[in-house]
Amino acid sequence: MSHLLELERVTVPGRGRPRLDQVTLRLTAGERVALIGASGAGKSTLIAVANGLLNPAEGQVLWQGRPPARQGRRRRLQQSRIGTLWQDLRLVEELSVQQTLNAGRLASWGWPRALLNLLLPLETGACRELMERLDLDPALLCQPVSALSGGQRQRVALGRLLRQDPQLLLADEPLASLDPRLAADLLSLLLRQGQAPRALLLSLHRPDLLHGFDRVVGLRQGRVRFDLSVPEGGSAALAPHLEQLYAGATRP
Amino acid sequence: MNGASLQLPRPAVALWPLLPALVLLPLTLLLPALVHGGGWDLLGRFALAALRPSFEPVVLRSLLQGLAITVGTALLGWAASLLLGLTLGIASARVVWQTLAGASWPALLIRRLLAIPRAIHELLWGLLLLQVIGLQPAVAVLAIALPFGALVARVVGDQIDSLPLRNLEALRAAGASAPGALLTCLGPPLLPLLLSYSGYRFECALRSATLLGVFGLGGLGTELRLTLQSLAFAELWSGLWLLLLTMLLLEAAVSGLRHRWAMPLRFSAAAAGVGRQGRELLLAALALIPLLVAVAWGLRLHPGQLLHWQGLPPLGQPQWQAVAALPWFQLILNTLLLTALAAAVAVGCAPLLLLLAAPWRPARWVLQAFWALGRLWPPPLTALLLLFVLQPGVLTGALAIGFHNLGILGRLLLEAAAAADAGPAQALELAGSGPRLALLYGRFSGLARPYLAYGAYRADVILRESVVVGLVGATGLGSQLLEALSGFAWDQLAALVLAYVLLTLLGEALSDRLRQRLSEPR
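If you're matching them up, the sequences are chains L and S in order.
Note that this note's numbering gives residue 142 to position 142 of the first sequence, counting from 1, and the numbers run on in steps of one.
In this note's numbering, each residue carries its 1-based index in the second sequence increased by 1000.
Looking at chain S on its own, in the form it has when it is part of the complex (with noise of 0.2 Å):
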């Protein structure tokens, strides 16, 4: 930097976070003319009947049924998520291949490998699976396993290669063998991050799996979308409360495990015994096993099944010619508007609304609340609900994804605050400044780099998510694959497919390029 001299004006870092909701002004222009007179009764009565949810005994036992089958299917894909991931992750990761092999080449092979399932988002997952092997209970279990997998693997990955290895090498030098030497000094740093991460991908697993019944899959995302359509909303209403119940007792026990098991002992006061932890993991880990076995039971999933393939429709001649003379350049263009204002949406309302909301105590527990209904939602059912005041479009489909990772960003910047040096905003608000102020200048401005990283990476995963609201229509790319699927146009499908994923891969490639940017200190 060329300290003294002069330079434009750039924003301080307090601000950085907020610039993202400038896309709002835009917005709020071309919203009126999306909207339709029609359904605003509609959802009038939708909102009234969050109050009077139906306690009709049918309803509920065939919701908790759903409900059931929801958490069942996220469990199982979760646990094989998991399993693959540690595995492909070590299989990974270059210091493994060097320490075992001497060489790191396969590490990187496999790598970029892991990137083409990862790319494909577990909706694309599930439909093309329903495609291979009918509707069964496996698909939607194996639709979560393999991206997670992917995904978990690419973090492990990450993790394994980016620990200091000092260690590693002087039990090298003292003589230890490689894998004895690379479980000592690599499993107990790696421990507490797997198990935090791993949490968190229960949730996820937990939001796909309802996505997933959405459509057409199974369990509770199916009851939802079929009450919403016959616009049973006191039925719609007794489903996501429940969710929400599940979804919230789901992040509390998570949350409560992290901190028994993953965070630093030197926080509690009572010493605990050595190895007491580890014990405590190892029998949680034996006593999911036979809980798995017993819902793969429920769920009458059968392994065997798996092998029986459906006959595919009869593939027609490729034809390229059409394929090629579809609007690609729309297509991507849409695709990509799409995903930059749902991430603009997200990113920056968050910050914006937890500013706004700061002096009020109970307002801040309105807006936990919204967060909470905004990431329990499958982004496609509010993109319908949307669809009862607005026009479809692209914009309707970024605000339908965009409320749903307003969600998850605005619990994660809550929880960063919470965990920050609290000295510089109490300062602040000691001397008069106010809450508001207090929050911008002694919180925002540590937090801003850490959670735009992380908007970074929820923008790309917004990319690939783009194509769950393809069923509002002319949202780009997803709208189309939805269409290329239920005509099974393959040659079609399979162009979409490729380009959905260089689309993500590019997306990747830049997100992790401006989170490096971000974590350098300036």
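In isolation and in its complexed conformation, chain L is listed as follows (with noise of 0.2 Å):
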């Protein structure tokens, strides 16, 4: 079966002590994988390893079996097929919910069309109909970004990603600021988002929200401590390797 992501033995410098210390890590179709670990332990880094903003100084990232292409339309083809839900959202304030959510398009239209999405609503069907989905008042759509609420602008950014349809998913602690009915609807959105030939990488770190996870990954000090399948039970099991991961750390 052929890998969505790969990183080989990767190393990410930092200051005094490296960021990532020869990571791997492999996620095949279907899978939805939970990163968790303390603050600082790397995760950011390792999903902006996997999203091609950081390169490695050491080791290999592989996308569908292949290295990153350097620049183009192949390296955009590459990046288009992987979508990141930003800690910090990344939305530009001034555009309109629709056309927020028509950038996700971006990769795959043309300058014509791009252009024409900052003058006219365009696709307003599709739109609406995610709208729905992400459980928003479809009246939003012609609001700037900058108008919404803090929950709001969270499902707008996750609209953005599904416009998108990447093959694989990536989360940066995307629960961190929701309130808990608000990140139980977020996660299982991700998670059915995240189903085969899908698949989902989720930085979080809150180990009571695992279930619903195929596996789950720690994170320590930059290095891995552990990949395991989540059991049925939920993460009772686990609870000796969260214990191990967490120790010493101050919880935030």
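Please keep in mind that the hints were generated in silico from the structure rather than gathered at the bench.
No residue lacks a Cβ here, since even glycine has one placed at the ideal position from N, Cα and C.
Don't take every hint at face value.
Distance ranges between label pairs, derived from CB positions [to be verified]:
hint: 1; chain 1: L; residue 1: Leu-120; chain 2: S; residue 2: Gly-1180; range: 54 to 62 Å
hint: 2; chain 1: L; residue 1: Gly-59; chain 2: S; residue 2: Ala-1285; range: 48 to 56 Å
hint: 3; chain 1: S; residue 1: Leu-1024; chain 2: L; residue 2: Leu-120; range: 16 to 24 Å
hint: 4; chain 1: S; residue 1: Gly-1423; chain 2: L; residue 2: Ser-108; range: 19 to 27 Å
hint: 5; chain 1: S; residue 1: Leu-1356; chain 2: L; residue 2: Arg-66; range: 27 to 35 Å
Assemble the dimeric complex from its two separately framed chains, guided by the hints.
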């Protein structure tokens, strides 16, 4: 079976100790992997390496079995298959919600459509449908992103990701700033989205939310401490591993 | 805003900076009609000479001398304008009068009066002063100091009045004396702004000093114009490269000092000792005084000479009927057209070119070099060059001024793009959007409003500046004014200067309103 993402002994140097130290990780289609660890364990760095933001100093990254192209059309095609839900969302405040959702399509749209999207409401049907799936009022489509509440922004960011329709979904602590109900909703949406042929890699620091994931990878000080499948009964069986992961670290 | 109701599609903010570039469409249609067969080979020779500047010692010596005069003039004019501007700026701040004298109307009065020297371009000041006190180095210095001083005064006054007043009220309530309280509350927040702005003014002063030289007030500008007119392109390019080098060094030095003194310290890792910045600043200011004296000495600038007014040519009877018979409507229309065209070219092309060059690093370097050339090149020289292949007129003048301002706006846009939050653009690029669309969607969205607000201010400057391309003819008030000056038709001159002042004040009011609307959040 081919892997959607492979990291081979990836090292990213940092101040003092490396931010990632010889990390090896593979994701196959249909796998939903939780990445857990304390703050500063290297979760965000790992996500950044996985989506191509950071080039590792050592080791190899493979996307669908191929190394990242340097530039140009092939790289763009590769990038379009990897979608990231950023911790700080990275939404463009000035665009309307509809333009923001459509920004997820920019990889496959040419120039003319990209310009037209800034002038006219495009693909309203698809956007409305998406808004309903995200439990958002379709009337918000013509509002600027800057007018949205925190929870709405989070969902619009997810909407942009869904419009992109990537095969590999990466999410960097998407649940950190949400209330429990919103967090549960968002998580179930992401888990549903991560079914085959797609895959999901999601970082979080709350071990109580592991239900529904297929695997859990524990990071500590830039190293992979364990890589286990999540047992049916939930996270209870993982308790000793988790304790070891957080031992001595201050919980955020 | 009435949210969900139907409304006419309105372009997203990201597209706004590009809209002025639409002016290129009619321009490309009109330009072929303006081309005359003549000077393509001349233009080719000029372009080729860029690679083969002259290194003859005689040429270099005279160019270096010219450069020294230009830089010296710029330095003196700049220092005088800062002194003038700071004093007048404090005197035109409402808070200051309110705190010291209990009434703010004198501030408003001073502000109104300052609008007049500000509305007259430094070139006009130079040419007018030339008539009154004759050709001497002080003319160029004064020509820079007066309008720049009034400009600095406006900025300083505005800045002081926009500072929050709660601290001042608190200190006053605690019994502090008025001057002490003002200095304590307004000084520290004002200083970084002032430093940063005065650095920018020095760059402007260098450009102005060069420009004044083009009109015969001495320095490198004079050399550049003479070499251009005698078609000695190799010598011309030696001068241009020299000027480019000076300008880039200056810009680097200014931005370095700005980072060192005017930026908040929290970004630097090493903790600076308390007051170190202040001491450095004070030392720099103290070192500036002997430098200025030495420069003034070197330029043979004698304050006494300013009192020797030369006899004006006999002023004839004013012929107001002839003045009234000037084609005022046409003149004003042409001036406005030139301003609008030049502003649209400058404001619209900077983001467009940046967008086109986005994917390739070398293309961006070329673009930066192109912009640097635009900044350094005095517009009248560009206009003269354009005359090799284009017919004189509004369009030629507009292209010349547009090119110059494109250089200024382009650099600003690039700096702003580099300083803005990279996150949204990065997110788009990592989703496969490509560098251009990432720039357009991710960065221009946030930059559009401040950039266009600066563009509105620039349009204002261009209106004042339109006089400098008057020498390519038929460009409206500017060319009429230069004509009146050379014939010293003082009645016409007075009327034209007045028209310019009124137009500029009107333009300023308009661009202020536009800027306010742009800075309001939706």
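Taking the hints in turn, this is what the structure says about them:
1. At roughly 60 Å, the beta-carbon separation of Leu-120 (chain L) and Gly-1180 (chain S) lies within the given 54 to 62 Å, and the hint holds.
2. Range check, Gly-59 (chain L) to Ala-1285 (chain S): Cβ separation about 54 Å, and the 48 to 56 Å hint holds.
3. For Leu-1024 (chain S) and Leu-120 (chain L), the Cβ-Cβ distance of about 23 Å falls inside the hinted range of 16 to 24 Å, so the restraint holds.
4. The hint said 19 to 27 Å for the Cβ distance between Gly-1423 (chain S) and Ser-108 (chain L), and at roughly 23 Å that hint holds.
5. The hinted range of 27 to 35 Å is satisfied by Leu-1356 (chain S) and Arg-66 (chain L), whose Cβ atoms lie roughly 30 Å apart.
Checked against the numbered hints above, the structure violates none of them.
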